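Trainee: Just so you know, the sequences run in chain order A and B. Residues in the first sequence are numbered from 19 upward in steps of one, following the numbering used here. Residues in the second sequence are numbered from 19 upward in steps of one, following the numbering used here.
Calculated from the structure, these hints are not laboratory results. Treat the hints with caution; some may be incorrect.
Copies of the same chain are indistinguishable here, so a pair counts whether it falls within one copy or spans any two.
As the list claims (entries may be wrong) - Here are the simulated lysine-lysine pairs, PhoX-like style, with alpha carbons at most 25 Å apart: (1) 260 to 183; (2) 275 to 181; (3) 464 to 181; (4) 464 to 183; (5) 183 to 275; (6) 183 to 251; (7) 165 to 196; (8) 84 to 464; (9) 236 to 181; (10) 184 to 165; (11) 181 to 34; (12) 428 to 260; (13) 251 to 357; (14) 251 to 328.
These numbers come from a predicted model, not from an experiment.
Protein chains: 2
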Amino acid sequence: MTNAAERIQHAGLRQKIISAEQAAALIENGMTVGISGFTGAGYPKAVPAAIAEKAQAAHAAGKPFKIRMITGASTADECDGVLARANAISFRSPFQSDPTLRNQINAGDAAYMDVHLSHIEQQVRAGFFGDMDVALVEVAGITADGKLIPSLAVGTNVTWLQKAKKVILEVNAQQNAKLEGMADIYDSIGLAPHRKPIPLTEAGERIATPYLHCDLDKIAGIVLTDASDRNSKFADPDEMSKSIAAQIIDFFSHEVKMGRLPANLLPLQSGVGNVANAVLAGLQDGPFDNLTGYTEVLQDGMLDLILSGKMVSASATALSFSPEALERFNKHIDELRSKIILRPQEITNNPELIRRLGIIGMNAMIEADIYGNVNSTHIMGTRMMNGIGGSGDFARNAYLSFFVSPSVAKGGAISCIVPMVSHHDHTEHDVMVLVTEQGLADLRGKSPRERARLIIDNCAHPDYRDALRDYFDRAEKAGGLHTPHLLNEALSWHQRFVETGDMRVK
Amino acid sequence: MTNAAERIQHAGLRQKIISAEQAAALIENGMTVGISGFTGAGYPKAVPAAIAEKAQAAHAAGKPFKIRMITGASTADECDGVLARANAISFRSPFQSDPTLRNQINAGDAAYMDVHLSHIEQQVRAGFFGDMDVALVEVAGITADGKLIPSLAVGTNVTWLQKAKKVILEVNAQQNAKLEGMADIYDSIGLAPHRKPIPLTEAGERIATPYLHCDLDKIAGIVLTDASDRNSKFADPDEMSKSIAAQIIDFFSHEVKMGRLPANLLPLQSGVGNVANAVLAGLQDGPFDNLTGYTEVLQDGMLDLILSGKMVSASATALSFSPEALERFNKHIDELRSKIILRPQEITNNPELIRRLGIIGMNAMIEADIYGNVNSTHIMGTRMMNGIGGSGDFARNAYLSFFVSPSVAKGGAISCIVPMVSHHDHTEHDVMVLVTEQGLADLRGKSPRERARLIIDNCAHPDYRDALRDYFDRAEKAGGLHTPHLLNEALSWHQRFVETGDMRVK
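Sequences and hints are given; from them, build the entire structure.
Mentor: Put into structure tokens, the structure is as follows:
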């Protein structure tokens, strides 16, 4: 019996161990498959490659083979990547970040629907995506009575296990067996008209059981694996990120002084990536203690706040670490098990809870415009980057919503502050504070023209400030003075970049 | 003692009766004033005119006089109108619909911040709009122990009474005294980190008391009035509205058949206006019984569903009737008092509750684009119409979110389906079903290009269909195939209208 087989304590389920190829045989062309995984954690490691092989064999034989794939969020090369390279994905939702798949989406070869991460489970349960044929879910183990021990991401697993007609599990021996007890799986949200309040009132509270439930009769097979998650490395915070972080921390201090934030702030949500990580790293040396986290993805920065004692608890739907942070996590897991709570993404991203808890939402953006609209998803208005993820869930419902970005990209050829964003993910109604390394614009309580002056003066890169002022001045002269725009110029910066590779006029 | 004075049962408060002019004397230049009123109901009838006179006198003497005015939603000519004509408004939030004020906003003479109606109270309580100097609130009466009986709109009154340093009440004898007991004033939402679940689990449930609470020491004066609300007349449903209504009702029937809606549907939210009213009128003869309403504004159509027995209860923050419907309401108020529940707008529009109850949200729009983004607020991208109101609260959190509009406006010169909306209030992520008199596009579970084909084929007016297809075809050829656009043409239809008065190429 392998190490992974020992993770299956339920005798009957041990009988269901099959190979990845046998599992792939259960997946047919055209099926909708609900797959586990969130930000490179907790995705299946073996079956996707077997499905990809099956697809390639079918294609070689002149037969169609593609699946409709719905996950928690992004997975990794062994899942999205291998399936995309085999041309095995016809439809994808709600979030992805794989380079091959992204190219297919932007070439029109794969359809993608970008959905708020708090919405996807409800919409699937309600049948808005049709039937779910198979769920393919990684777990860390199975108890003697058949309860599933979540892996490093809970994501949409509750719903996929409930909704799918058949279930394939991957039991991954490389996930720490001591994860048992860390998760808090509230699985009774259901659908209206039978819903009750979700009883969570503190970010660190537990309200349910640590196990995922699955009707054991639906389990069509269990595949054993022993493979690590994506575990991407973080860059050390650079000057750019440190500057953004320092401004946010100053802003927090000011809000505490004004009585608009408690001394230990409010639960922190932090988007994925280096800038977000830098903000959390900055809090390590900041004046705030007894912090709490309530976020989608817990990464290195938040782990270190917990380990240092600055943060008392953190709630997340996925743990996505660098290899070094994963080592620290595994070393301290006995202490961390009570301080980190892994929840379904329908809980971490739930508008009810984000609003109630008064989350401070901090998310990265591709660009913002002078009125505070934010584009989180599209390059030059047409090409999908990754997806909106949970940024809308947090920005809309947060007590304070921040969007951060360096003020320029591509060596200065792209301004992240533009006259009009080329795609709107977060409207002027949902964006409270914009921060670049140039400065911070506090947009609360301000009209569009007041916002425009602030954003241009405080956030835009000096190389673009005059051009933005010129646009705004001429738009004001053209009339329509609530939100002045020149419609035939509003998107011209993006068009210029498409044509010349530079937003600046040469 | 006047009829209105009899409405003040509290002896001490009767001593505080003052004239509108005395009340206006309490308002100084630059003050932030929280004013009651929601969609032409429950706004103060006398003091605004007195403030306007004070402003005019100040201006005549060469002195500045403007107030910052925050309400529930729109008021009426006697409030927004009279103050705007006196140039007495420097800043306005969160929603308005007065023609004079709208012109001032679009001329740059008044600043306006367009805020989700569920957000405004929280942001004011948190201090994001600074101090609130005075609250000016209409009530229907005051009990012997000093509790306030809400008028026909609750709106933001809970928060304005809590937050303002001073309170001026208007007691309006023309509001039906039998309103006492109709409202359900849950006033303990507060701010994080001390929040609890809002215990509402059914649209028609009562969870609190029927009275507004105010610290009596803060009451600086009470003004007696005897004046009716705006009571705008509705147009009888025309063929256009009837067609949109019939399609929505067919869609409901289909969803019930598919098991995606219960036989009595889910609680209905309906935006303001003739099309919304037509949908509700259509339900009068539809196959659905035991309907429930959970909406911001209860208008004629929903009242008649209750009176006919088709709808068992309706929750709203304002009752805004035509004169005829108001008569029916007053005639049947003893029966209606238990079936209609007037709540704070922070409750009617709360994301926690809209999500939990599974509301069906139906809202009007100015325009939608081929990818399903919706503009609810701006004319040709720059000029504010009224504001986003609660449409975002509902669209984002609803179980089903509809946006409706005739397919053309201005005699065909404006297409309501455009290549790209000129302002984004609801993004592609929040719009499930678009309906025009031409047809319905069910966007659920579809990628942007699938949505585009559906919207063009089903919703666009035939006069614009070829031009939309041509745009979409050429955008696809240009690449960027997730959301194909031609950036230098995306807003050209609006620019053409600005230049020629017609979106069509002549």
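Trainee: Are the CA atoms of residue 428 and residue 260 at most 25 Å apart within a copy, between copies, both, or neither?
Mentor: within (19 Å within a copy, 53 Å between copies)
Trainee: At most 25 Å between CA atoms: does that hold for residue 464 and residue 181 within a copy, between copies, both, or neither?
Mentor: between (45 Å within a copy, 20 Å between copies)
Trainee: At most 25 Å between C-alpha atoms: does residue 181 with residue 34 qualify within a copy, between copies, both, or neither?
Mentor: within (20 Å within a copy, 63 Å between copies)
Trainee: Under a CA distance limit of 25 Å, which applies to residue 236 and residue 181: within one copy, between copies, both, or neither?
Mentor: within (10 Å within a copy, 55 Å between copies)
Trainee: Indicate which option fits the pair residue 183, residue 251 if close means a Cα-Cα distance not exceeding 25 Å: within, between, both or neither.
Mentor: Neither, since 37 Å and 53 Å both go past 25 Å.
Trainee: State whether the alpha carbon distance between residue 184 and residue 165 is at most 25 Å within one copy, between copies, both, or neither.
Mentor: Within one copy only: 17 Å inside a chain, 59 Å across chains, cut-off 25 Å.
Trainee: At 25 Å max between alpha carbons, let me know whether residue 464 reaches residue 183 within a copy, between copies, both or neither.
Mentor: between (51 Å within a copy, 22 Å between copies)
Trainee: At most 25 Å between CA atoms: does that hold for residue 275 and residue 181 within a copy, between copies, both, or neither?
Mentor: between (49 Å within a copy, 19 Å between copies)
Trainee: Under a CA distance limit of 25 Å, which applies to residue 251 and residue 357: within one copy, between copies, both, or neither?
Mentor: Within one copy only: 24 Å inside, 59 Å across.
Trainee: Should residue 165 paired with residue 196 be assigned to within, between, both, or neither, using CA atoms and 25 Å as the limit?
Mentor: The answer is within: 15 Å in one copy meets 25 Å, while 57 Å across copies does not.
Trainee: Is it within, between, both or neither when you check residue 251 against residue 328 at 25 Å Cα-Cα?
Mentor: Classified as within; 23 Å inside a copy, 60 Å across copies.
Trainee: Within, between, both or neither: how does the pair residue 183, residue 275 come out at a Cα-Cα threshold of 25 Å?
Mentor: between (55 Å within a copy, 21 Å between copies)
Of the numbered hints stated above, those contradicted by the structure are hints 1 and 6, listed in ascending order.
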